[in-house]
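S.K.: Heads up: the sequence lines are chains E and G, in that order.
Going by our numbering, the first residue of the first sequence is number 1, and it counts up by one from there.
Going by our numbering, the first residue of the second sequence is number 1, and it counts up by one from there.
Simulated from the structure, these hints should not be mistaken for laboratory data.
Fair warning: this is a prediction, and the values are worked out from it, not measured in the lab.
Each residue gets a CB set at the ideal place from its N, CA and C atoms; glycine is no exception.
From the structure, some residues in chain G lie toward chain E, with a derived Cβ separation under 8 Å: (1) I305; (2) N307; (3) F309; (4) K311; (5) A317; (6) L321; (7) L322; (8) G325; (9) I414; (10) N417; (11) K424.
Calculated lysine to aspartate or glutamate pairs in the EDC-like style (CA-CA distance at most 16 Å, straight line): (12) K334(G) x D102(E); (13) K98(E) x D324(G); (14) K402(G) x D109(E).
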Amino acid sequence: MSIINEIISGSPKIRKVYKEQIIEKLSRKQAEEGGDRKFFNQYWQPFAWATIIGFLNDRRIPITDTYDSDVFKYRVINNQSPDILESLIVMAIGKFKKDIQDDKSLLYDTNEITKIIDEYANGGFEIISRKLAKDPDYFYEHNIFIEDLLERKP
Amino acid sequence: MYLTKIVVENFQSYYDSSSINLEKNLNLLLGTIGAGKSKLFNAFYWNFFGEIYKTENGWCTVGSSNFLAVFNKKVLKETQENENIKVKVVLSIKSDKDYTVSRYIEIKKLNDNDFNSEKNWKFINEELVVSFDNSEGNRINIDNHYDARDYIVKKLLPKEISKYIWFQGETLNELIDIGNGKSFKDAINFISYIGYYDKNIEIANELIDKIEKTLRKEKKRDTTNEQEFNKISYAIEDLERKLPSYQESLQNTTIELQQIDKVIDDIDKRLDDINEFIELKNKKEKLDRERKYILEEIEKFDKNISNLFSKHWILYATEALLADGFEKLHSYQKWYEENQNNNPTGLPYNIPDPKYLKEMLDNLKCYICGEKFEKDSKAFLNIENRYKIATGELEEFKQKNKEQLNINNKVIEILSNQSTIKSKVNSIKPDIKSNLTKNAGLNNRKSELLEEISKINDEITILQEKHGNKITANFLLEKNKYNYNIKERDIIKTKIKNLSETIYRLNQELKRKKEELNKIPTKSNVEYKEEKMLTYLYFIQNSYEKTKESEFNKLISKIEDKANDILIKTTKANKVINGKIYIDRDSYIIKLIDLDNLNGNRDINVGHLTLMKMCIINAIVLISNDYKNKSYPFISDAPTSDLDDGTTKLYYKVLDEEFEQSIIMTKDLFTYKDGKNVVNKDALKDFNFKNVYVIEKDGASINLTESNSFSCLKKII
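Bound conformation, chain E alone (with noise of 0.2 Å):
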């Protein structure tokens, strides 16, 4: 079975604290009233930045209180954008603590890697909930997504 089929039947593990504070209030639900201002269209949108800016930022942190598994399954990542799901599991790999030969039991199946991605979201998510814990509109212009992607160091 290929790494991306093993994938996208599951679905990642997002700290209810963070599905609240953060998936909720920055995407809209299909037709929800009044949610113009939100910025993202669906929820696995605000888990692909967060993971990535966990990655950017080698922000691992393990989950360990209430979580649920049941916000959206990978294979929407999938369906709506392939390359993000891709990327996000190319650079899950890129954190293998060692070389797959010599540890062929990262790659035996994907629990690994969506362990890593689980995590590096949640330190992801635990970036953007300090920026709006000092600031709760931090995030309601649109232009700040654009401004603090252009500020990342390549």
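Following the hints, put chain G in place on chain E, whose structure we already have.
M.R.: Using the frame of chain E, we list chain G on its own:
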């Protein structure tokens, strides 16, 4: 002379007491529509002349009647029954002395009924006082209303030029009422000696008339042909009787022509306003459509940005992270390729077949080289090992190799997309740049449109305030009135032409008859003293007429030169007007002529004409200052509403440089930002404007009305 302070108390939109100090040079009083600019202009004008300007009625006198027009509505509302209130304006003036001009009206509230009705109020008193220190240092108060009024128009602001000094933008056409302008003529008489020449010519004519009559009487007694003398004398007297009635008729018809010209001008202006209103409405609709389109585009763009961001741009700056992952995958792939066929024997695991290996072990002979070997020898153990692998351990090896292959397949799956992902990441930066440029373009256009729509709305509001909301309803009626008056004017012009011809013919006839009379010989044949006197008087009359004509031409040339000087300075911002102002000496019509072609008469639009008229007004005031060796402040409300931004600012610069003091109330120099009009401070800095005040409405936080709001004055520079 310049003003140093104005204090307004309960005057029109100004509640309670407000004041500002005024400086020399340009004082700009900025206010958006309805802030209270024209009300402040009225405060200046009312203080001096007891009149205010209303868009719908023109100039109105305010005194024992019409007094509510100057009172603040809020104070009218708040006043209790039987309580007295005052409206007051005090101006401080620096001239040869320090003057104060104070005017107030006091009224009493009779009952709590409608405070907007004069019948519910009692007029108590109006007071006008001019105060100054005399040469001994004693304070003199001229508090008799009529004396104070006379003092103002004779000593402080001459009546003849006051309307040019205190200039309401809306009355521009009245001031430079080209073609019949009595006010223009008054101003010309005031700033020159032309009026004196007219008076002298009138005196000479009267004397000539009297002396001619006396001479005729003398000669009648001395004539050699009494019958012929009498006949011609009667004819002369008949002509002299007829001429004044024709002249009076010509004068009346000329006044009629002036009146009908004014009516036509008014209708023309209203028709212009209606056409302008329709054009503005059409322009606004077009801009509204574009605005709607831009807003839709921005909305589409925002949605698209969200998708681009989530599906593409979030990978920005992830090259290193992706490279780490791809490196791990490539590393595995390399290892796999190097190790995929390795087995413990170093040979292919299926050659030879296990059944032959069993036979070799049983027969102790190698089928490949044909050599025999001993049991447990190196060759035996080797073949035995190969046999074990080929049977049991081979399965384990096979299994292991299959797992590595499986992993390798996974690695290949991911790596197959490496170049796509890499190029996608590389394209993020240019993609963001092009989208942000597009977004900035849309938002800039949105701001421009909002500003343009706001300006058009202001212009529409001005026209609606002037003509009411149903501005276009009277279009046909006005058009018919216009056509009717044009026909009437043609009839009057023909009448004037006929009258002028008749008067000319009668004058020629009179001249001929007088010559005929003089040709009849006298008995005494002496020269009468009246004849000598008449020779001198004819000379004086002729000299005055020629001098007057020369002085008039010189003055008009001087006004043209000064006006053209101002025109050049104010049109530096654009190169549209490349001509010069020319005033027709007979009709007072203002023309824009080419610099090198005196006969040219170029087409001019409202903006050009307004600017040209203002240049002439300023020229008149400046030349007046020169002639009288005095300076008067130039005070104007909305003088530049027909001009573009650059010309407006340059015009202010000219006022700043040319006048000892100018006070301008204007809605220019505002810019639309974040949903409201704010002062364009950059423009103020660019032109180094000093003494800038803002007039703002304050009061109830919502639903401002005349009786719950009031104007505030703030100095900002």
